[in-house]
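There are 2 protein chains.
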Amino acid sequence: MASFKVSVGISNRHIHLSQEHIEALFGPGYTLTKTKDLSQPGQFACEETVTLIGPKGTMPGVRILGPARKASQVELSATDTFKIGVKPPVRDSGKLEETPGVDVEGPKGRVHLDQGVIVAARHIHMTPEEAAEYSLKDGDHVRVAVPGPRGGSLDHVLVRVNSNYELDLHLDTDEGNAFGLKNGQQLEVSTD
Amino acid sequence: MASFKVSVGISNRHIHLSQEHIEALFGPGYTLTKTKDLSQPGQFACEETVTLIGPKGTMPGVRILGPARKASQVELSATDTFKIGVKPPVRDSGKLEETPGVDVEGPKGRVHLDQGVIVAARHIHMTPEEAAEYSLKDGDHVRVAVPGPRGGSLDHVLVRVNSNYELDLHLDTDEGNAFGLKNGQQLEVSTD
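Residue numbers (our numbering), protein chains in the order written: chain E, 1 to 192; chain D, 1 to 192.
Among the hints, a few may not be true.
Derived lysine-lysine pairs resembling BS3-like cross-links, with alpha carbons at most 25 Å apart [stated by the list, open to error]: (1) D:K83 <-> E:K56; (2) E:K83 <-> E:K95; (3) D:K56 <-> E:K83; (4) E:K182 <-> D:K87; (5) D:K83 <-> E:K182; (6) D:K137 <-> D:K5; (7) D:K108 <-> D:K36; (8) E:K56 <-> D:K182; (9) E:K83 <-> D:K83; (10) D:K70 <-> D:K34; (11) E:K83 <-> D:K36; (12) E:K87 <-> E:K70; (13) E:K70 <-> E:K108; (14) D:K5 <-> D:K182.
None of these hints come from the bench; they were simulated from the model. Keep in mind the model is a prediction, meaning the values are calculated, not measured.
Between the sequences and the hints, there should be enough to build the whole structure, so can you do that?
Dropping the structure here:
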């Protein structure tokens, strides 16, 4: 068993959009406006937000994360899903087969996503060098220990390995709030 | 080490009110209308709801749980607290010293609570007979294991013992959602 420390990043609800959908929502030829780089190199938060329209409610102010992707993807907390009435599975990013869709509204138009709504599975990003150091490979699962009054453990945390990644544990707001975590907090990972 | 099974009850945001506050919000002599008995004997959900008014937002439709209590108490998830801009601690029910207050609005009036807003600490209710069987006493802490894709463990779960209690694990919606739990699901408790 090896153990190492990782920094927590708590992801609020957000959307990744294809260029086609960006233009349908914001107008022909539109490009996103970066406001802040994210922990993963090349990824950024945008000035632009959209409104999600589900069977049971609407959710305004959902942040777009750039750059444009091949397929649009909406990442919600389970708490969010009850508010708008969608029932997505817990999924790894990019695995969108048989996920529900939702309507998305921007200032210049509205699109219906046939699929793409997920509750993101918790995961750790790392480089191949870090994975080698911890005897891990892409697709492995690890356990993360959380100290404090709302402490406990998060099992089955997916390891994602890519030379473009920065070492970082990504949780959603339900997980962050349930465990009383703050962005940047250091947690212990065990690989047993 | 002993272990036993317990049923999960997930508590949505709610408020307990003193008779004085019930009358200030709903009118002189008003009594609450029971709609549903809760798992703990004598406790019930009411038809009536109130609106919370915090520094950063309002939250309508907050369910009242009866019967009337000595002191009013508001139980929110951490997710809720960000929405209305209050910063309560994680607390055991009834321990309200140095907790923040909030404004509460009903159909006939509005009251300002000087204190009483908490994020409820997770806890297990049990009878003295059950406590004896599991070698536990009031105030002890136990660990609860959660299976499944969002599994893990909840440490420091408070044990509350009273002859009026029914065996039940109470979590809030953040905890229920983070672990992918459903009401009534059976979980394993360990007393090591």
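Hints, one by one, checked against the model:
{"no.": "1", "hint": "D:K83 <-> E:K56", "result": "holds (19 Å)"}
{"no.": "2", "hint": "E:K83 <-> E:K95", "result": "holds (23 Å)"}
{"no.": "3", "hint": "D:K56 <-> E:K83", "result": "holds (19 Å)"}
{"no.": "4", "hint": "E:K182 <-> D:K87", "result": "holds (14 Å)"}
{"no.": "5", "hint": "D:K83 <-> E:K182", "result": "holds (17 Å)"}
{"no.": "6", "hint": "D:K137 <-> D:K5", "result": "holds (17 Å)"}
{"no.": "7", "hint": "D:K108 <-> D:K36", "result": "holds (24 Å)"}
{"no.": "8", "hint": "E:K56 <-> D:K182", "result": "holds (20 Å)"}
{"no.": "9", "hint": "E:K83 <-> D:K83", "result": "holds (14 Å)"}
{"no.": "10", "hint": "D:K70 <-> D:K34", "result": "holds (19 Å)"}
{"no.": "11", "hint": "E:K83 <-> D:K36", "result": "holds (23 Å)"}
{"no.": "12", "hint": "E:K87 <-> E:K70", "result": "holds (23 Å)"}
{"no.": "13", "hint": "E:K70 <-> E:K108", "result": "holds (21 Å)"}
{"no.": "14", "hint": "D:K5 <-> D:K182", "result": "holds (15 Å)"}
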